[in-house]
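A.B. asks: Okay, here's what each chain looks like letter by letter:
2 protein chains.
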Amino acid sequence: MNYDDVMKLALERGFYFPSCEIYGDAHAGFWEYGPAGVGLKNNYLELWRRELVRRDDMLEIDGSQIMSQSVFEASGHLSSFADPIIKCKECKSTFRVDKLISEKTKIEIPESADLLDFDKAISENNLKCPNCKGGFEAARKFNMMFKVGIGPDGEPAYLRPETCQSIFVDFPRLYKTMRGKLPFGVAQIGKSFRNEISPRQSLLRLREFYQAEIEVFCNPNKLNDVEKFSDVQDTVIRVQLDELKEMSCKEAVESDIIPNKFVAYYLGILAEFYEKTGIDMSRSRFRKLGEKEKAFYAEIAFDFEVETTIGWLELVACNYRSDYDLGGHAKKSKEKFEVMDDDEKVLPHVFEISMGIDRSLYSILEHCLRDDKENDRIVLSLKPYLAPIQVGVLSLVKKDGLKEKTDDIYQAIKRKYDSFLDHSGAIGRRYRRLDEVGTPFAITIDHQTLQDDTVTLRDRDSMEQNRIKVSEIDSVLYKKTAFP
Amino acid sequence: MNYDDVMKLALERGFYFPSCEIYGDAHAGFWEYGPAGVGLKNNYLELWRRELVRRDDMLEIDGSQIMSQSVFEASGHLSSFADPIIKCKECKSTFRVDKLISEKTKIEIPESADLLDFDKAISENNLKCPNCKGGFEAARKFNMMFKVGIGPDGEPAYLRPETCQSIFVDFPRLYKTMRGKLPFGVAQIGKSFRNEISPRQSLLRLREFYQAEIEVFCNPNKLNDVEKFSDVQDTVIRVQLDELKEMSCKEAVESDIIPNKFVAYYLGILAEFYEKTGIDMSRSRFRKLGEKEKAFYAEIAFDFEVETTIGWLELVACNYRSDYDLGGHAKKSKEKFEVMDDDEKVLPHVFEISMGIDRSLYSILEHCLRDDKENDRIVLSLKPYLAPIQVGVLSLVKKDGLKEKTDDIYQAIKRKYDSFLDHSGAIGRRYRRLDEVGTPFAITIDHQTLQDDTVTLRDRDSMEQNRIKVSEIDSVLYKKTAFP
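Chains as they are written, first to last, in the working numbering: chain A, 105 to 588; chain B, 105 to 588.
Hint data in this document are derived by calculation from the structure and do not stem from the laboratory. Just to be clear, a hint being listed does not mean it is correct.
The list treats identical chains as interchangeable, and a pair is accepted whether it falls inside one copy or across any two copies.
To be verified - Derived lysine-lysine pairs resembling BS3-like cross-links, with alpha carbons at most 27 Å apart:
(1) K520 to K507
(2) K440 to K112
(3) K295 to K251
(4) K332 to K520
Turn these sequences into a full structure, and let the hints guide you.
C.D. replies: What follows is the structure, given as structure tokens:
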């Protein structure tokens with residue numbers, strides 16, 4: 105099943121759809137989660153909390169999205185978070201100038217090059233607007249942060265382009281009040297904003313998007329002094345070097361493919377997390393980024409990528425940011441960011457696990473969606489703990505008191521489980537609809553229910569049905585939908 | 105315990121603190137949730153989902169915060185969501201002009217008045233700047249929406265000032281794809297943004313804040329045709345008329361204090377929800393708003409208010425918005441918003457339950473915090489299902505193998521329960537710290553544990569300790585921390 109199949113599912117079954125769509129397509133790069141998407145997202149985030157945040161005893165915060173200008177002066181985003189662009193004089197279309205030149209001429213100019221280099225390449229190669237053949241204005245830098253004005257005087261501030269900036273500026277207070285000790289992990293889920301030139305592909309390049317970021321503050325002198333590394337030493341990861349290699353975390357460290365146990369530990373628990381999301385890990389890889397590819401703050405960078413029908417998608421950026429961030433904020437704010445680690449005074453380094461939630465959800469959908477031709481159905485084989493609807497509650501027919509009995513059972517479980525009540529239509533069609541939205545279980549109330557107080561419990565994947573007692577429904581569902 | 109006590113708790117125990125505080129106080133109106141605040145908020149929202157969204161079979165969506173200009177032309181916010189302000193010519197301070205005039209002269213001019221009326225009152229009463237005695241510029245309107253520019257050409261768009269606009273513009277798709285039937289409830293949790301002139305009092309007047317909004321679409325001809333009203337008819341609510349009166353929902357409808365069963369049903373389930381949050385309902389009221397107080401879109405409006413040490417706080421606005429919103433969006437977008445209800449074609453009316461999350465959390469903290477002088481402790485008596493840390497896991501001493509046993513028990517439960525491991529300091533002091541952050545239970549591992557595999561379970565409120573088996577910990581905690 106490919107991107108278009110997932111899009112069809114998303115639109116028809118309420119996973120996601122364009123924002124402000126009644127006002128046309130002028131609002132590119134903004135999408136909404138429908139009811140099925142919200143359910144999937146909430147369950148995914150609960151899994152993330154269990155498998156990463158709580159597992160590693162991290163703290164979670166929730167910071168403001170609008171942050172003051174000083175933050176982005178210190179972080180480097182005001183000066184560095186910009187793309188080189190060029191605009192057609194005639195039709196006013198705008199393009200990433202480095203990409204346009206590379207597509208048309210194969211000449212590669214780094215995006216950080218002097219603007220005059222782009223203008224020179226444009227004129228030497230006589231490049232024109234791809235839309236209307238018009239000439240171009242001079243290249244310019246376009247900062248991708250959204251600016252807002254605070255208060256009546258419009259004090260400049262910005263929507264954060266990455267959630268982690270909240271974690272960095274909050275570090276002194278958090279470390280102190282939460283009785284911190286290195287390594288000290290702080291996590292956050294929230295919206296970030298980037299004013300992309302060319303948003304596209306629904307959830308894959310958004311202007312407003314969800315991140316789940318983890319920043320682990322550490323002593324740079326103790327990157328191989330990691331007791332809990334033994335928990336993941338045998339965990340298998342796939343690393344993209346010249347070729348793709350499977351290896352244990354231990355092997356990755358011993359062969360210097362991953363530079364230390366500290367980084368390897370987090371790649372290990374991240375792989376264990378994704379294993380539980382239902383993503384096909386045989387189509388995943390950690391790719392080490394080269395010097396030119398890395399973000400401006402990263403010293404070591406591995407991207408966690410997943411193969412989809414539209415290519416490899418970066419789901420997580422794992423960056424060793426060194427003391428770039430705390431050093432920058434310490435310098436600008438004059439606040440104290442150094443802490444004591446045993447008897448050593450240290451400005452902590454940072455390793456981050458920066459996860460794109462929207463892209464992760466897309467990948468789960470694509471990897472779990474299948475066309476079960478034999479049974480003439482589309483099945484979304486989500487893990488039961490991630491399914492937006494965990495159980496359908498169906499009456500075989502509405503008459504003979506079955507409707508009332510069904511309503512009672514639904515009422516008894518609906519506050520605890522994400523449940524869906526359905527009385528109408530052929531029972532086979534109702535099962536198909538539940539299969540397509542990923543519902544792992546269906547309870548059906550039939551005439552036998554009225555005699556012996558049992559119902560059928562249908563399993564989405566095997567399509568098998570077993571009779572269970574009404575009194576057992578809660579305990580059965582509790583076990584079957586529990587997080588691992 | 106008053107506002108300052110709650111603030112002290114919030115800052116010291118990681119409930120909330122100012123955003124970007126390392127860069128000084130220039131970023132007024134923006135606050136962050138720390139680890140304890142995130143835990144409390146997540147649990148509060150789960151209760152909200154259970155008691156309102158799932159109870160009433162509503163759908164939940166999660167829409168973009170940045171919405172297109174057309175949305176706010178149709179909603180009326182571009183023209184009407186503005187405060188009249190005035191600026192000092194000398195010191196450049198800005199004030200709400202209606203409030204300034206009313207404070208200094210007792211003359212009440214409605215905020216929607218012609219701007220010349222304010223200028224006239226200022227000059228006739230010879231009002232000067234309260235800060236520097238300077239003269240004023242002419243009054244002007246200040247729109248409270250934050251504007252952003254999309255893409256390189258800066259197409260105007262806005263951060264939504266209320267989450268419900270996503271629900272309104274998404275209504276046609278949701279109703280169709282989710283097989284809607286009236287009444288049709290759609291809920292959303294998310295950030296909204298208002299560029300307040302004078303943000304203040306931490307979580308109580310923010311520029312960026314959380315709302316949990318519910319919009320129920322209904323047939324205006326069936327507002328007394330509400331089958332499930334019987335569920336709440338005996339639920340007691342407190343209504344502020346000339347005086348505060350306690351009455352059942354049924355009495356409120358019969359005496360015409362609430363105009364119909366439909367509105368009364370939702371006020372009833374809202375009261376039942378807040379009862380479960382730990383707010384002292386004897387200090388709550390529904391206040392019916394007069395014509396002048398209501399928002400520009402509201403036909404009937406009740407505010408749910410809670411008494412705190414800084415006065416009555418509005419936590420929820422319950423507005424009957426009629427067809428104001430769907431009518432406005434239908435007209436501007438040309439999209440079809442009418443639906444069939446049985447055989448009747450109807451443009452649905454809307455009743456909303458617009459909840460301020462931040463203020464609700466503040467009120468819970470203030471109502472649950474107490475100074476237990478007898479036992480020389482501060483106790484935050486949060487409901488166990490709302491507590492950010494549900495259980496402390498403590499070793500009586502670190503030696504004799506107690507540390508290792510404690511670590512094992514902590515590891516076994518920490519992914520499932522919000523747990524806190526603490527080995528250091530006097531045991532009494534550790535209990536006090538857990539009491540202050542609202543942790544309902546503490547498990548202590550002592551020498552007896554090594555002999556008979558039992559631990560003590562301490563109850564925060566009664567301070568009683570009972571021994572339970574290690575093998576029972578999960579089932580005991582499961583019951584004690586379960587949602588009602």
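A.B. asks: Next, verify each hint and record whether it holds.
C.D. replies: Taking the hints in turn, this is what the structure says about them:
1. K520 to K507: So K520 and K507 pass the 27 Å test inside one copy only (21 Å; across, 36 Å).
2. K440 to K112: Between copies only: 22 Å across, 52 Å inside.
3. K295 to K251: both (15 Å within a copy, 17 Å between copies)
4. K332 to K520: Answer is between; shortest inter-copy Cα gap is 20 Å, intra-copy 35 Å.
Every hint from the earlier list agrees with this structure, and none is contradicted.
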